[in-house]
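Asks: Residue numbers (our numbering), protein chains in the order written: chain A, 1 to 407; chain B, 1001 to 1437; chain C, 2001 to 2083.
Please keep in mind that the hints were generated in silico from the structure rather than gathered at the bench. The beta-carbon is built from N, C-alpha and C at its ideal position, and this holds for glycine as well. There could be a bad hint or two in this list.
If we take Cβ atoms under 8 angstroms as the criterion, some of the chain C residues that face chain B in the derived model are [stated by the list, open to error]:
(1) Ala2002
(2) Tyr2003
(3) Asn2020
(4) Tyr2025
(5) Lys2036
(6) Pro2037
(7) Lys2041
(8) Asn2045
(9) Val2048
(10) Asp2049
(11) Phe2055
(12) Trp2056
(13) Thr2062
Beta-carbon label-pair distances, calculated as ranges [stated by the list, open to error]:
(14) B/Lys1359 x A/Phe391: 22 to 28 angstroms
(15) B/Arg1385 x C/Lys2031: 14 to 20 angstroms
(16) A/Glu283 x B/Asp1203: 30 to 36 angstroms
(17) A/Lys242 x B/His1409: 41 to 47 angstroms
(18) A/Arg247 x B/Gln1087: 18 to 24 angstroms
(19) A/Ser58 x B/Lys1301: 31 to 37 angstroms
(20) A/Arg380 x B/Lys1301: 32 to 38 angstroms
(21) C/Asn2020 x A/Lys242: 52 to 58 angstroms
(22) B/Lys1301 x C/Lys2031: 33 to 39 angstroms
(23) B/Asp1299 x A/Met398: 47 to 53 angstroms
(24) A/Lys242 x B/Gln1087: 27 to 33 angstroms
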Amino acid sequence: MAFISSGYNPEKPMENRITDIGNRHYGEFLPPIIKKNFGKWIWHEILEPGVLMHKAESGDVVYTVRVGEPRLMTVQYLREALDIADKYCDGYLRFTTRNNIEFMVDSKEKLEALKKDLKERKFPGGSYKFPIGGTGAGLTNIVHTQGWIHCHTPATDASGTVKVVMDELFEDFQKMRFPAKLRISMACCLNMCGAVHCSDIAILGYHRKPPMIDDEYIDKLCEIPLAVAACPVGAVKPKKKKIISERTGEEIEVKSVEVNQERCMFCGNCYTMCPSMPLADHEGDGIVIMAGGKVSNRITAPKFSKVVVAYIPNEPPRWPTLAKTIRKIVDAYVKGAKKYERLGMWAERIGWEKFFEVCDLDFSHHLIDDFRDPAYYTWRQTTNFKFIENFPYEYNKMKGDIILKAK
Amino acid sequence: MPKHETPLLDQLISGPWPSFVDDLKTYAEYRRKNPNNVEYQIPEDVVDDLLGVLELSYVDKETHWKHGGIVGVFGYGGGVIGRYCDQPEKFPGVAHFHTMRINQPNGKYYSTEFLRGICDLWEFRGSGILNMHGSTGDMVFLGTRTEQLEEVFFELTHKFNQDLGGSGSNLRTPSCCLGMSRCEWACYNTQEAAYQLTHEYQDELHRPAFPYKFKFKFDGCPNCCVASIARADLSVIGTWRDEIQIDQEAVQAYINGEIPPNGNAHADGDWGPFDIQKEVIDLCPTGCMRMEDGKLVIDNKNCVRCMHCINVMPRALRPGNDRGASILVGAKAPILDGAQMSSLLVPFMKMEEPFDELKELIENIWDWWMEEGRNRERLGELIKRKGFRELLKVTGLKAIPQHVKEPRHNPYIYWYEEEVPGGWQRDIKEFRKRHLR
Amino acid sequence: MAYEEKKEMLLKELEKKSKNKTKFYFNDLAKILGEKPRMAKKIVNELVDEGKLVFWSSGSTTMYSLPGIGKQAAAEGEAKSEE
């Protein structure tokens, strides 16, 4: 492995340096038929799941085949997609915001050959490389973050949880039997790199234990003022401590920090600044499910997702409880919603209390908002509610401890 | 032979959905064999070790990565995220595993020629593992060593005429829907707007001097396919202000069942024949549609442009001709004070090159936020803290009823002193002439 | 104060402060300079180009520090070698 220079001279970083050139112009990368009819499209139709047809004023027609991709991919996989684009699509392809690949062709003959080819491509273990689907009133690909493959604060894995949920719901990636489109998103901690807060269903990694403190090493590895400043809720304070040294066995005084554990919201921002404050924990970490959000303005305004499952344990490699829970929500939605109703619109129509009944989900104090101002607006200020059977609603039957003791 | 046993990950090989594990394992072997004799600039077993460390996380149920603060590319404050493995001796191939963000072309169209070059570069100087694409929109290169960062950047700029994207407290890589390139509903050229603003604001994108991140996103219509209203500090959402264009013959064709509704998006459901009353007119949020003498009539003055009717009957209805965009501001994910969606600031702006009105608005907002914003305060939080009226003041815009869903619930109006006749400085002696002590 | 003096002043202040912490938000730098953001940014960027200030990023937030100092720089093996 010999070092090969790109031409960069580390002694003189500004020599021949090119900066601030931005991205390439999209016009360089448009397939000819797209370029020719740019801004002149008049209507579209989904010919079958995963296959779109767009018609232009000129009479031109472009067929698009949409396929799911794993988002986390190797150049080997990507090159295979490029080979397909070279063979059928004049050397062009595009990606969607939801991690699908789109192959575009200008004739039905090419379309059929392309579809056939895509269907036949499988990984050695049997999974599809380029499953066709993800259109219309069905499930499209899950957008997600990095998880255990690359992130320093994840509470769960991203690629793994997405794989098992897409396996569970795979049929509906290739069908359009839902009342409306269903968007599932995944973020592996509450910082939400993959802003999942407006999705029909959101899978969210969540920590449940405050950070530990590596007292003997923290002042050597971290700048304590930065760890203190990193905490969004002001729960980290500097503190001198007397500890028994791991190295010498003697009592020493060290500069460290103290965490107000009740105030901690488990965001991991302190760990970002200071590796001596790890918070990941195999028993504490798990998954929250949120539901009912959307970004489209169609019929109703965009909505935030609501927390509907407070905790699902991490069960690698196949997260069976996660997959089963999402299946229950999807089944109830498909059974109960009217045509064009997004999941959140359906839940609001039947009432969220009813949602918990028909989805057969638990309810606990964790699902009642208690975080600052917006909390009040989510409580019920009306006598209009539905009686449902899964939960006690009569005074003397409601009595009991709200705390769920950990096993 | 794989370098590490991965019995847990191997259980993610089965099932129909593309298996990232199978992809990684296949590529790890390819990298070991190296049929094209690539002079790998980082360890050839990087993919093996990535699988190894991921397997360990599947056993431990805990991550094995540490954050690193190096930014790596001289003069830039973003575009690279430092990452180190916390078990470097077991997995030396991924001891350094930094991320690079590559500014995607707008609309995410590519030529195979360009992407092949990108693949070759990343295989040669990095792990060969990437995301198409990251959440913000960039291509994401996952995993290289510190000494390769400048080399990758040098090749990107010199060979590919291609720059990095943003990270940290700067303008993040702008993104957009595919817009007019293939969508009949795009009300402006989202790709061109994103492209021009990306280039106009290169300094803001690479040299962070903001209190926190700032995102632009460009949606061509209110369907919001890039989720700008949920995810961008400045959301530009296409709209129109004249009448929805109607083709009455096509309306009849839908009614007669000659054209499937909603672009055939419900093909596999058992929904019965199309019913325009039930599926369009009754679902119109403002009730501004009706059938009259067999013709569809829309009271456009009462239409809020939600897109439902257009989505259901794309061959009969199209957005109007007087097109532009609504500008909303302040969306963000929950941390810290709860999630926010963007709030309407400008109901209508013409979106024509060179987008001077939009740039003026953006720069006014930035000047305010850079001066008043606290460390790590997003624009939406600043607006909440200082009040919407401050936003209007700094952007020089008048308040209008569209700014609110409903007027305020409390009467605690903060009057400006100059709005009250005589101001606030009064003479107590004069008052005492009228009122005894 | 002349422009070049401001740059010197900023570096001196940061050196003093770096005994306790070595990383600073842009706002902290603007405050030390007593300048509005635009001018502060110009000065700070010049110092970056001259190699006298470096960026540090948490991924979501960016900070500045003097080059090669700080405990994290040492931990990441990015510190200047002590000759």
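Asks: Now tell me, hint by hint, if it's right for this structure.
Replies: Cross-check of the supplied hints:
no.	hint	verdict
1	Ala2002	violated (22 angstroms)
2	Tyr2003	violated (17 angstroms)
3	Asn2020	violated (17 angstroms)
4	Tyr2025	holds (5 angstroms)
5	Lys2036	holds (7 angstroms)
6	Pro2037	holds (4 angstroms)
7	Lys2041	holds (4 angstroms)
8	Asn2045	holds (5 angstroms)
9	Val2048	holds (6 angstroms)
10	Asp2049	holds (6 angstroms)
11	Phe2055	holds (4 angstroms)
12	Trp2056	holds (4 angstroms)
13	Thr2062	holds (3 angstroms)
14	B/Lys1359 x A/Phe391: 22 to 28 angstroms	violated (54 angstroms)
15	B/Arg1385 x C/Lys2031: 14 to 20 angstroms	holds (19 angstroms)
16	A/Glu283 x B/Asp1203: 30 to 36 angstroms	violated (47 angstroms)
17	A/Lys242 x B/His1409: 41 to 47 angstroms	violated (54 angstroms)
18	A/Arg247 x B/Gln1087: 18 to 24 angstroms	holds (21 angstroms)
19	A/Ser58 x B/Lys1301: 31 to 37 angstroms	holds (34 angstroms)
20	A/Arg380 x B/Lys1301: 32 to 38 angstroms	holds (36 angstroms)
21	C/Asn2020 x A/Lys242: 52 to 58 angstroms	violated (22 angstroms)
22	B/Lys1301 x C/Lys2031: 33 to 39 angstroms	violated (52 angstroms)
23	B/Asp1299 x A/Met398: 47 to 53 angstroms	holds (49 angstroms)
24	A/Lys242 x B/Gln1087: 27 to 33 angstroms	holds (31 angstroms)
Violated hints, in rising order: 1, 2, 3, 14, 16, 17, 21, 22; the structure is consistent with all others.
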